[in-house]
Each structure stands twice: as structure tokens, then as C-alpha cells.
Amino acid sequence: MVEITLSVNGQTQTGVCEPRRTLADFLRRSCGLTGTHLGCEHGVCGACTVLVDGVSVRSCLMLAVQARGSEVTTVEGLGGGGELSAIQTAFWDNHGLQCGFCTPGILMTVSEFLAENPDPTDDEIRSRLSGNLCRCTGYHFIVDAVRDAAARLRAAEPPAADRPAVAEYA
Amino acid sequence: MKPAAFDYHAPATLAEALQIIGDAEDARVLAGGQSLVPMLAIRLAQPQALVDLNGIADLAYIRRDNGQVAIGAMTRQRQVEQNPLIRQTVPVLTAAVEQVGHVTIRNRGTVGGSVAHADPAAELPTVMAGLRATLVLTGPSGRREVPAGEFFQSYFTTSLRPGEILTELRLPVSPPRTGWAFEELARRHGDFAVAAVMATTTLDADGRIAAARLAIAGAGPTPIAATDAEAALVGRDPSAAVIADGAAAVAAAAQPVDDIHGTADYRRQVVAVLARRALTAAVTRAKEQR
Chain S
1 MVEITLSVNG QTQTGVCEPR RTLADFLRRS CGLTGTHLGC EHGVCGACTV LVDGVSVRSC
61 LMLAVQARGS EVTTVEGLGG GGELSAIQTA FWDNHGLQCG FCTPGILMTV SEFLAENPDP
121 TDDEIRSRLS GNLCRCTGYH FIVDAVRDAA ARLRAAEPPA ADRPAVAEYA
Chain G
171 MKPAAFDYHA PATLAEALQI IGDAEDARVL AGGQSLVPML AIRLAQPQAL VDLNGIADLA
231 YIRRDNGQVA IGAMTRQRQV EQNPLIRQTV PVLTAAVEQV GHVTIRNRGT VGGSVAHADP
291 AAELPTVMAG LRATLVLTGP SGRREVPAGE FFQSYFTTSL RPGEILTELR LPVSPPRTGW
351 AFEELARRHG DFAVAAVMAT TTLDADGRIA AARLAIAGAG PTPIAATDAE AALVGRDPSA
411 AVIADGAAAV AAAAQPVDDI HGTADYRRQV VAVLARRALT AAVTRAKEQR
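Residue numbers (our numbering), protein chains in the order written: chain S, 1 to 170; chain G, 171 to 460.
Since the hints were made in silico from the structure, they are not lab data.
No experiment lies behind these values; they were computed from the predicted model shown.
Mixed in with the good hints, there may be bad ones.
[What the hints assert, rightly or not] Computed far set for chain S versus chain G, every beta-carbon distance over 10 Å: (1) Glu3; (2) Glu41; (3) Gly43; (4) Gly46; (5) Arg58; (6) Trp92; (7) Asp93; (8) Pro120; (9) Gly131; (10) Gly138; (11) His140; (12) Arg152; (13) Leu153; (14) Ala155.
[Unchecked claim] Now the in silico label distances, taken between C-beta atoms and shown as ranges: (15) S:Glu3 - G:Ala381: 26 to 32 Å; (16) G:Gln252 - S:Arg126: 37 to 43 Å; (17) S:Gly15 - G:Gln216: 21 to 27 Å; (18) S:His140 - G:Pro346: 44 to 50 Å.
The C-beta atom is built at its ideal place from N, Cα and C for all residues, glycine as well.
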């Protein structure tokens, strides 16, 4: 067993686990952060994508022990105070999800992408989304959502005041 | 879908890593984990010990060295993709690495890990074979240099001996008036190639082909350097007819087999088409450098 201390969404988390525990399982089981989803558990579907030290990784392909001392950002770290982030808001408004299982991973992928490329073409959006599988939407609305998210972030437009906070739907 | 238990080691130095591998009964080296961790998860691999190289900072670098470009084995694929020295000196590597998996995979995946994994359909082993890279293997008795053509032995099988680690990859700097291309067919973006062809062509002052480098992925037990096709192109004017001949010679070097992704005949045809495209693009790029 190994002791693991890392930062998740700005909070220090400590847990003890076997070295074989993946970062995804550590986040879900040891930290109770079940927003990170596990689809395939072998690096194909992208649902478990999180940021480690600001860089997207598949948390099913990283051992928790390898993330010791890292700063991890999960979908729970987006938005804040019951408000959706600009990217989340764009997904909401564009129907960029249906069942939502893949959404946490897609949001983390898109967070990294739009930080690097604030004004992407549709081809660039599709290319970057290629590592995240969605079996509901057919992707068109996701592409719309990312394009809209990019525009919102460029304009630094705050979420509309009349939009219900996430907590009301929890 | 959870890995079997293993002892985990995180050495801080290469010497320490070699010591642990030498002492362990059944150790596997963990680089970026983008192939090994899935194999652990589906329990295709159940090593007794896992030796994690991610803490060895000395193994990640990109630098010019004696007319070559030396890349540390633990350099992330994403770093190679974004590196200006690589783009300038080994542009076909930039073109190839962009087609490895997805950005999120390349953020973790390492150059050395992909090459040591030796999937014959993978991009980076193909570039190593095509450019006649030198691979540096370090073991308990020191380092040795192995040409890529001898490194890749068969499917997922290399000439690494027990106790050795792939530590550096050395690539020749692309000569002046050299064009390049890496053409790949995959069913979905980011998948392993059904087949791929790497090409570089160097033109002489008269516009004839002075040298060519050609390699095939996904059509045999290892990446294949199409040396006969390379030799046949030297001294020729790169017309469409000559390129077509070259492409046919590349396809003749393929050793495809039937599998779930396609028949051997289909693969050979795909290789011919990709080779024509790759040679055409490489010659066009070489001419642009006139």
C-alpha cells in the first residue's frame, strides 16, 4: 500500500491505496469525486480525461501513485459556486450532450484545447474531439457547443443571469 | 478490467532503474503507459514488478548531437510534435507523431515507449526504420547502439536483452532539398494504421532524386524499410511515371497478412496508393526548397 497526496481542484487529498489503483479509481473511490467517468478502462473512450498539472491525460492510464504531488483538475473543478463554466454553459445551450456519460471527459479535453487554441476551425474541433467517444449525439451538437464555447471565452461573456444554477437540478 | 497486483518502483536515476530490473524476477518498464497500462488492465501483462521511469528527468531531452538529433526515450510525443528543432531537422518525424493517437495520448505517451513496444502498425517505429535511426540501449554492462533495422525483430518483439532499457533515439538530420511525407490510412482518426508509408526524397542540383527513404507500417511483422525501392529511385527524374514505379516497388516490399482490418491483397494495394501519395508530396516539398 502507498500513501498518496495530491491536489484535486485546489484541495489537498490524501489516500492510501495499492499501486495498481488508477488515478481514475483514486478520484472516484478515495476522493469521492465521481464526476470522472470510466467507460472502457483501457484508454479508448476518453470519458476519464482529467487535467494533471494543466495537461489532459486519461486517468485510467495513469496510476494514482504516479500523480503524487500533482495538481489534478476534474470536471468538478470547472465552474464554481453553483454556476456552470462558460464551456459547460455552451454545452447546455447547444444540447452538446444527451446521456452525459462522456461529457466530463469531453469538457476536460475542450478546456485544454480552447486554452491552446481560442479560435479553432471546425476541422480542428473535430480532430481534437476524436479521442472522446460519444454514442448519443452524433457529435454535431458537441462541435456546435465547442465553437460557441470558444466565442464565449473570447468575448469573456459571463453566463446569463437568468440561467438556473446547477444545484437546482442536482 | 483492473490490473493484477505488482510491486511498484519509482527510481530517480537510470542506474537505480537498471539495478531494480536486474534484481527483479519479472519486471516491466513503465514509460508513458499508453500501451502498457491497457495491457495491465486487460491482464495481457501481469508483471511482478513495474519500474516507472517517469521520475528520471535525465531521460527526457531533444538536442543536436554530432550531426544527429538525439531524443531521450522518455520525451513525450507531444513535446516532439511541438519541438521547433525536430520540425526543422527531422520534419517527417513531426508529420508522423501528429498521427499518433490523440493529443491526450501524446501528452503522456513517450517516444521510447512507442518504439520499444514495437507495434508494426505504429508511426514512430516506422520513422525509426525508415530514417535508419540508431537506438541506444543501456544495460548493466553499459550502453550499446543498435540500428533500427536490427532492433525490430517481429510483432512487439525487439532486440532488447533482459535488463536493458531503450534510453535514446538518434536520427539523422534531414539534408538540404529534402521533402517528406507520412501518409496513413486508418479507419478513424487516431487509430493504429491499416497501413502507412513514410517517404523522404532528396533532390540534387539538377532536380533528380539523390536519395530516398521509404518505410511501411502495418504490412508485416515489423516496420519495413523499402530499400530496393529507394535504390531504384536514385538518379531518376521524379516524374509521375518514376513515382508510380517507386510506389510499386514499395508495395512489393510489403509483407501483409490477412487480419480483421483487411486482407493481404487489400493492404498491398493500400500501400501502393499511400506510397504514391507520399512520394508525390515528398518530391513537391523538396522542389519547394529549391
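Worksheet item: Hey, does proline 120 of chain S actually stay past 10 Å from chain G on C-beta?
Response: holds (12 Å)
Worksheet item: Regarding the assertion that glycine 46 of chain S does not contact chain G, is the least Cβ-Cβ distance greater than 10 Å?
Response: violated (7 Å)
Worksheet entry | Non-interface claim for glutamate 3 of chain S, where every Cβ of chain G lies beyond 10 Å | holds (13 Å)
Practice prompt. Please test the hint of 37 to 43 Å on the beta carbon pair from glutamine 252 of chain G and arginine 126 of chain S.
Written response: violated (21 Å)
Discussion item. Beyond 10 Å on every Cβ pair: is that true for glycine 43 of chain S relative to chain G?
Written reply: violated (5 Å)
Discussion item. Within 21 to 27 Å: is that where the Cβ-Cβ distance between glycine 15 of chain S and glutamine 216 of chain G falls?
Written reply: Given about 24 Å between the Cβ atoms, the range holds.
Fill in: Distance rule for leucine 153 of chain S, whose beta carbon must clear each one in chain G by more than 10 Å
The claim holds: leucine 153 of chain S sits with its nearest Cβ about 18 Å from chain G, beyond 10 Å.
Fill in: Given as non-interface: glycine 138 of chain S, partner chain G, CB spacing beyond 10 Å
holds (15 Å)
Worksheet item: Can we trust that arginine 58 of chain S is non-interface, i.e. its beta-carbon lies farther than 10 Å from all of chain G?
Response: violated (6 Å)
Fill in: Verdict on aspartate 93 of chain S as a residue remote from chain G, using beta-carbon distances over 10 Å
holds (25 Å)
Fill in: Assertion that glutamate 41 of chain S lies outside the chain G interface [Cβ separation over 10 Å]
At about 4 Å from chain G, glutamate 41 of chain S fails to clear the 10 Å cut-off, so the statement is violated.
Fill in: Minimum Cβ-Cβ distance from arginine 152 of chain S to chain G exceeds 10 Å
holds (22 Å)
In terms of the numbered hints stated before, the structure departs from hints 2, 3, 4, 5, 9, 15, 16, listed from lowest to highest.
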